Amino acid sequence: MPVEILIYIYLGMCAGMILFNIATALLSRRREHRSFRDGIRLELTVSRELDRLAETGAVSERHLRFMERRLRRVNGMAAFDAALERLCVRRPELTRSYLTALNGVTITLAEDYCRRDEIEAAYFPYIIRKYRLLDGQENEALKTMLLDLLHESSIYCRENAMQALYTSGDAQIIVRALRIIDASSLYYHSKLLSDGLLNYTGDTWELADALWEAFDAFQPWMQVTLLNYFRFSSGAYCEKIHALLNDPAQDDEVRFACLRYLGRYPYPPAYADLLRYATPSENARWEYAAIASFVLASYPGAETAAVLKRNLYHPNWYIRFNASKSLEQLGFGYRDLIDVIEGHDRYASEILRYRFDVRELEERKEDAVCTTV
Amino acid sequence: MYDGIKLFLEWVGYFFIAYLIGYSTFLFLSVVVGSLDLYKRNRQEMLKSILPSDYYLPISIIVPAYNEEVTVADTVRSLLALDYRSYEIIVVDDGSKDRTSEVLAETFDMHLVHRPIRRQINCQREEYVYETRAQKVAVTLIRKKNGGKADALNMGINAANFPYFICMDADSVLQYDSLRRIAQPILENGNVVAVGGIVRISNDVELENGRVKHYRLPRNILAFMQVLEYDRSFLASRILFDRFNGSLIISGAFGLFKKDTVIAAGGYDSGTMGEDMELVVKLHEYCTVNNIDYAIRYASDAICWTQAPERLRDLCKQRKRWHLGLFQSMYKHRVMFSNHRFGAVSFVSYLYFLIYELLSPFIEIFGVFTMVLAWWFDLINVPFMLLFFLIYAVFGSVLTLTAFFSRIYTADLTLSFGDGLKAVCLCLFELVFLRFILAWVRCTAFIGYRKKKLSWGRIERREIDLK
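Here the protein sequences line up with chains A and B, keeping their order.
Just so you know, we're using our numbering here: the first sequence kicks off at 1 and counts up by one.
Just so you know, we're using our numbering here: the second sequence kicks off at 374 and counts up by one.
Treat the hints as calculated values from the structure; they're not laboratory data.
Incorrect hints may appear among the rest.
[Unchecked claim] Derived EDC-like pairs: lysine to aspartate or glutamate, alpha-carbon spacing no greater than 16 Å straight-line:
1. K518/B with E500/B
2. K191/A with E253/A
3. K421/B with E120/A
4. K309/A with D345/A
5. K632/B with D427/B
6. K413/B with E118/A
7. K130/A with D81/A
8. K509/B with E366/A
9. K509/B with E362/A
10. K518/B with D471/B
11. K191/A with D216/A
12. K413/B with E111/A
13. K325/A with D357/A
14. K309/A with D339/A
15. K325/A with E362/A
16. K421/B with D81/A
17. K421/B with E118/A
18. K130/A with E85/A
19. K421/B with E85/A
20. K191/A with E561/B
21. K413/B with D117/A
22. K309/A with E350/A
23. K365/A with D482/B
24. K631/B with D666/B
25. K509/B with E561/B
26. K421/B with D117/A
27. K470/B with E442/B
28. K191/A with D427/B
A quick note: this is a predicted structure, and the numbers were derived from the prediction, not measured.
Excised from the complex, chain A in its bound form:
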């Protein structure tokens, strides 16, 4: 290759990079200016329409057509977002009514946005969630479109769609959404769902009923997700969860989640079973004994103490660790466990000593807080 050609290619690349830099810098600066200006203009326009809404009780057809055109552009939507943010603070009630009046436009736009690239498609459910456009409304078309977004490969798009659906207050649509996610091969982190469900704005009892009704049809990972959600939402399902725990047909992970639930919400009828699970067995996975040892901290009693003390000598670290933690939480002191501390098993003694050290640190913290108060 003649060297001159190489030099020209190099120069071309340099020129290309410089142009790229200049163009992106200029474009982004222009976009920022425009977006700010558009936001202010749109705020004025919507504000005038709010006045009209206050006077006549309706939004003009002309305005609706204008908004439909305007919001089709993602920059227009961003400007609308900025304008609404300010209007929601200044005139919350009227803005709410205005958004209800805009419902038809929202549905038309939803169809359009759902077909766009993943970033713009994700923005639309974000707006729906932020301004609660589904709140208390029978808007099947919009909900169906949000369900469609759950098939997108972008997790941001799917999560924004779920967040929007949580604001619908419709338990059945949530179950449908979870079924789609459960059946999909796309990855969805369990924590996003279990924590996300806590944002549900409707009747949580109705949601729980709907979830329990569909529970058996879900895969184990989704069942664990739901049990984790129940654990952080209500202690009213102990009976059902106790039954699941004792069902050998259930997946081990599901049963571990049941154990954790019963640790958070003590349920006396489950006590005997918890003692049984806390006793390590060669036929069961060690996690049963480890988690049950942790859970027993919520079930004081002589039998609990005996099982936990025995577990302090177990060769598995987690069983030993959780047993020592539970004993400490149950209020056992140095004197109660002197036989272990002074005993022949160094591991049992060390782990217990450490728990008492931690208790002392916690007490110091509480003392410090009390002194400050």
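Chain A is fixed; fit chain B onto it per the hints.
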């Protein structure tokens, strides 16, 4: 003789043309891909194509420390100011000769505890453990026998309570939202075993509670040039490699790892100087050999601020260590060389690091040597050579500036006109002078390397400018 030298130089010329075309094409591609990626992320952020911020995976932060009495308290203070709910801080004092442990225990009201540590990875024994619960999160100090940075990190992993851990340097400061940001790839992809954060240079940057209060580029010229260098390499070997799961380096200053996988792979290698790179290469090998689906990701918005050496002597020491670490990691995992089982990691990442990182200083010094030889025998067209160099330097500078301005722009930092001008001037200087100085330093890295094998790399520390 003359003909022989002429033929030799002719082949050298062909080799360098191929070498430079390869490097320039790679730089060009990586900067373009990297810049586009940064702009895409910026757009995602603007249009809220992000995960909500209230999900918290529990994380253990491990801070290995050796003679860090000047900075360690500030580092822990900055960690306590992080905007995150579920984490713990574990400082491992690797047998410091100064008052690192005492400073920490006194500052944070820590108390001696009899904590047993489960040794899942081999490391030196602990001498004592201090803990406190009086802070926002649990803080643990483990004082152990000296064994090197990797050994200290292994101790931290053994003591970590949570399923993910972050390793960082004791002289670094994490940005207030860095934990949330670095944990995001895990929420996005269940196969993620490691996530790299971004390291930015904090010299002369004013930070308040982990937030940048006033951004300015370092007054020190050497530190300034390192900013340019970091930005370029960030776009080159980070974002582009991330596209095909080919990242071979996660900086020791800020990386998140899945504890179980790291333990299964054997933890940090305490016999290696570049333990950070070695671990990542090891994870590639471990997961591939065991047919584990895995991903190693970069979070380009998870930022860690670190001090760059301001003296040439310190910089040379640092680069020697890095180069030795690179050599050790690549040699130890040489099975990955040209091995189809590792796919793009072998044929792109490993090859790139071999040719353009490990061997490049030798190649560059060899290039200078052949130029002198050619000039001596009057076999060089001097005006053409100068023109060629000039174009290459301008090309490199433009790419460096592209990387630099992309990062400034996408990180929402404002730059003074003076700093911008300084960047334009210094990028040429960095490429023409600093690069060759460092090439020479890296060439000499192997001299006396056995003696330094397990020592901590030391550079002069300043107190961190935290408000």
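The hints, checked one at a time:
1. K518/B with E500/B: 7 Å, holds
2. K191/A with E253/A: 15 Å, holds
3. K421/B with E120/A: Between K421/B and E120/A the Cα gap is close to 9 Å, so the pair holds against 16 Å.
4. K309/A with D345/A: 12 Å, holds
5. K632/B with D427/B: Since the Cα atoms of K632/B and D427/B sit roughly 23 Å apart, the hinted pair is violated (cutoff 16 Å).
6. K413/B with E118/A: 11 Å, holds
7. K130/A with D81/A: 9 Å, holds
8. K509/B with E366/A: 13 Å, holds
9. K509/B with E362/A: 12 Å, holds
10. K518/B with D471/B: 14 Å, holds
11. K191/A with D216/A: Not OK: K191/A and D216/A at ~20 Å, beyond 16 Å, violated.
12. K413/B with E111/A: Since the Cα atoms of K413/B and E111/A sit roughly 24 Å apart, the hinted pair is violated (cutoff 16 Å).
13. K325/A with D357/A: Within the cut-off at roughly 11 Å; holds.
14. K309/A with D339/A: 10 Å, holds
15. K325/A with E362/A: This hinted pair holds, its Cα atoms lying about 13 Å apart.
16. K421/B with D81/A: Between K421/B and D81/A the Cα gap is close to 11 Å, so the pair holds against 16 Å.
17. K421/B with E118/A: Holds, at roughly 11 Å.
18. K130/A with E85/A: Since the Cα atoms of K130/A and E85/A sit roughly 9 Å apart, the hinted pair holds (cutoff 16 Å).
19. K421/B with E85/A: Holds - the C-alpha atoms of E85/A and K421/B are around 15 Å apart, at most 16 Å.
20. K191/A with E561/B: Within the cut-off at roughly 11 Å; holds.
21. K413/B with D117/A: 12 Å, holds
22. K309/A with E350/A: At roughly 14 Å apart (the allowed maximum being 16 Å), E350/A and K309/A satisfy the hint.
23. K365/A with D482/B: 10 Å, holds
24. K631/B with D666/B: 14 Å, holds
25. K509/B with E561/B: Violated, at about 28 Å.
26. K421/B with D117/A: 14 Å, holds
27. K470/B with E442/B: Roughly 10 Å between the alpha carbons, so the hint for K470/B and E442/B holds.
28. K191/A with D427/B: 11 Å, holds
In terms of the numbered hints stated before, the structure departs from hints 5, 11, 12 and 25, listed from lowest to highest.
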